[in-house]
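Undergrad: The residues making up each chain are set out below.
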Amino acid sequence: MRLTVNGRVHTLDSALPLSLLELLRDRLALTGTKFVCGRGECGACTVQLDGETVYSCLTLAEACDGATVLTVEGLASGGGEPSLSPIQRAFIAKDAAQCGFCTPGQLMAAHTLLARNPHPTDDEIRSGMSGNLCRCGTYPKILAAVRAVADGEFAGSAEAGSVNAA
Amino acid sequence: MPRKTKGAAKPGGFVQTTVEIEGRTETRIVEIPAFEPAAWGTDAELGIVGARVPRMDAPERVSGRARYTTDIVRPGMLHAAIVRSTIPRGTIRSLDLSRARAMPGVLDVLGPGDAPAGTRLFGREIFYAGQPIAAVCAATGHAARSAAHAIAVEYDTLPFAVTFEDATAKDAPKVRAKGNVMENAPLVISRGDMDAGLKAADVIVRREFRTPVQLHTALEPHGAVAEWEGDRLTVWESTQGIFRVRENVSKALGITLSKVRVIKDYMGGGFGAKNGAGPHTYVAALFAKRQGRAVRCINDREAEQTDSGNRPSSTQRVTIGAKKDGTLTAIFASIDVPLGISGWEGGPGQIYHELYACPNVRTEETFAYVNASGMAAFRGPGYVEGAFGLESAMNALAKELKLDPVALRVKNFAKREPRTARPYSGNSLLQCYKEGAEAFGWSHESRKPEAGSRTRVGKGMAAQVWPTGGGPPAYALVRMNSDATVDVLAGTQDLGTGARTVLSQIAAESLGAKLSDVRAIIGDTQSLPYTGNSWGSMTTASVGPAVRMAAEDARRQLFEAAGAMLDATPDALEARDSRIVVRDTDRTMTFAEVTAKLGNVMIIGKGSRGPNPADTAIMTFGAQFAEVEVDLDTGIVRVLRIVATHDAGRIINPTLAESQLEGGIIQGLGYALFEERVLDRRLGLVMNATIHDYKIPTMADIPLIDAFFVAGADPVANHTGARGIAEPPMIPTAPAIAAAVSDAIGAEVTEIPLTPWRVLAAIAAKARR
Ligand code: FES
Ligand code: FES
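Protein sequence lines, in the order shown, are assigned to chains A and B. Take the position in the first sequence, starting the count at 1, then add 1189; the result is the number in this note's numbering. Take the position in the second sequence, starting the count at 1, then add 22; the result is the number in this note's numbering.
Watch out, some of these pointers could steer you wrong.
Claimed, not checked - Coverage of chain B stretches by chain A, computed from C-beta distances (three or more under 8 Å per stretch; other residues unrestricted):
(1) 288-298
(2) 687-700
(3) 707-720
Said to hold, decoys possible - Here are the simulated lysine to any residue pairs, SDA-like style, with alpha carbons at most 25 Å apart:
(4) K717(B) - T1248(A)
(5) K717(B) - D1311(A)
(6) K717(B) - S1266(A)
(7) K437(B) - G140(B)
(8) K717(B) - G1229(A)
(9) K717(B) - E1230(A)
(10) K345(B) - L180(B)
(11) K717(B) - G1345(A)
(12) K717(B) - T1257(A)
(13) K717(B) - L1332(A)
(14) K717(B) - R1228(A)
(15) K717(B) - E1313(A)
(16) K717(B) - D1239(A)
(17) K717(B) - A1256(A)
No wet-lab data here; the hints were simulated from the structure. Note that this is a predicted model, so its numbers are computed, not measured. Glycine residues also receive a C-beta, built at the ideal position from the N, C-alpha and C atoms.
Work out the full structure, taking the sequences as your base and the hints as a guide.
TA: Spelled out as structure tokens, the structure:
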């Protein structure tokens, strides 16, 4: 089977009895995407599959033949902080990651939400993001981050997300 | 500033000091640091400390680069899975490991008798459902889990007790060998004269409150990767205390301390449950030794929800007496806590003694062991449960007295720590009441419902206290590299709290370095100096002063070197933005110019945490205000607004500290509304061990939260002026929400979580009256 992940084409044994999550983490060493429940309850494993949000723990690897997958590792356009995507920079600036374990899933859910609906209302953000749990309680900051990207605060250059503020 | 300590307080000498951890006081011998920097007072002019700088490791966290224990892969690594008992009490009659051994990919199995006694693993006697009884090691996680399922166990069952009532009944089964009640007696803490206090009261309220078992539900489960090199063991562990894991592993496996190395880079939440090594650690280490390869053992979600610690439930029977003007005359609570199979007396009682100036206070806490997984510290252990009882009772009293709940609390404000009469290092609780009430627009008058509306809006408030002094021992090094970048070295851990950022800010401020040139290196017992666990909200207050002292020591050395280069005495120098200037001149050098001249001569500053001031109570305070909307037909509660105002001394980074406040409030909201482990009394099994069935808040549940700190600093507590903040915000949330629900429906609610069913029952009970 062939699979494009973050712009790279992978050719893999098609009889893999794996979930897409296991394929990403264990075969492709893309450990940014997290496993928490393995049964579609938490959203930690959220990735983009052909432009749609999916729980990769519930997606069979086999069913992804020919598909295009985007994970948290693919959100940035290159190495280093300046290349981070607007939603990543917004997460930094608004302090939307505490422990960060849910963050990759949150970012992918937010990224896809904004791609489909660039100007969501707060309620649309709340319902769109409510499939992704965060035990540290970063929700207010995630809402602020998604809001800020929707409002264009992070369009353009990377300066806003710089960590060298002081 | 000079600090009073017991004993000979000369630099380099040793003294006794007290440290309060999770509400418990420990006496420790500590070294007096060679020098201590002058305290940053309330008016200290600081640029980096106190600034809202973004979390310095956020780029790692948002890019998928942050490595958690579950992401560690070692060459040839194997995987282990733990088999757990499916009954709450009995003995293993037979355990057939042969089928598991024969399964594809399986390399090794451990069963009864195979683990060293120190690990307390794999006994034949079963004390709770979920107890580890065997483990499998295989080439893949899949193979290990499948084989674990294939192990056939036969049990001889014994009678059991999973509730407080069953465990303390006259003919109760033996929950464990040593008796069902801790110390066979209640823990009684008392001051004054209860009878006199009740006699002096004009009004007495009596209530019974119940709180549920709450599960930590960190998204990253407990887990470890272990690898041996000869007789040296390296453990990657998702933990709040690398040095404590080292100590646990050393003891359990009989290896000397220095041969165990524990590493923790990033972790996905702890909240109190990850304070040491666990079965997963020992299983990984044992298999790794036997197989000569690295082994990973990570709890599955069911194990995480059934056997990784919990906040125990409580029943609190509270009696409060007061004068007509609100002056408290007596506080009494009789409290039952079923701990699980193990635990400590971190009970609801403490806060009853500490929050108000009342001369007569008595708590009687009975801690029972039950056949369920043991408790563990959970963010504000004891105080969160106790606050629900005490603060709900206070709100009932305010209603009875027709007093504003805020005014009632102001009336009973304690000018000294009421349990011990010690002065506070600082206490701005009155300011919290004032600023919180203002921000909320507080008035205690109930809002009139709109005509015909089936929803009701209500509001409530509650207060909080929590010991947050931190203390020694904690050490740090600050190293200036030849390129003038600065490393802060401390064996602490960042749970998502922002420790890396906060310690870097303190170092940059003290040294006069640019923050972007500073990085904190933490989480490795082999290469970093000792600091204690990140528990009890004590990392900033314990490690921060050590880092500051190390940075000042480094600056002193830097100034000595630069003084020679700039033809000035060191005390004529100042540093800012990684540049040294000779005061009142235009002579200047950057740090990089100095280090370039020094070449490979290194500047290494050393710091340690000095003792706490003697006989002083160091606490964090706060008040929270909640507004809720209740649907009278469905019983569904929506929290609309929370205003939280806390006093934690100096706030090193307001953005990160506010995130902590929000996190605590949201966990408190879950505790108030949804979270409840369900343990079937007849089966002895957890019925909701999944994230779907055990409800934690989602984004859709989050109210508007306005969480902030009163301004100030606490230079008496320690020379950074900062106290702790992680746990306090969770303490008053549930009673504030419950008070708001009571206000909305016009009937008191005394049991959480406030599920629709409970709210409807309260509404129905009121209608019947
Ligand atoms: S791990 Fe996929 S939804 Fe939880
Ligand atoms: S940041 Fe820790 S779970 Fe979301």
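Undergrad: If a hint holds in the structure, say so; if it doesn't, say that too.
TA: A quick look at each hint next to the structure:
| no. | hint | verdict |
| --- | --- | --- |
| 1 | 288-298 | holds (count 5) |
| 2 | 687-700 | holds (count 3) |
| 3 | 707-720 | holds (count 6) |
| 4 | K717(B) - T1248(A) | 24 Å, holds |
| 5 | K717(B) - D1311(A) | 23 Å, holds |
| 6 | K717(B) - S1266(A) | 37 Å, violated |
| 7 | K437(B) - G140(B) | 47 Å, violated |
| 8 | K717(B) - G1229(A) | 14 Å, holds |
| 9 | K717(B) - E1230(A) | 10 Å, holds |
| 10 | K345(B) - L180(B) | 53 Å, violated |
| 11 | K717(B) - G1345(A) | 39 Å, violated |
| 12 | K717(B) - T1257(A) | 33 Å, violated |
| 13 | K717(B) - L1332(A) | 20 Å, holds |
| 14 | K717(B) - R1228(A) | 15 Å, holds |
| 15 | K717(B) - E1313(A) | 22 Å, holds |
| 16 | K717(B) - D1239(A) | 31 Å, violated |
| 17 | K717(B) - A1256(A) | 34 Å, violated |
Violation of the numbered hints given earlier is confined to hints 6, 7, 10, 11, 12, 16, 17; the remaining hints are satisfied by the structure.
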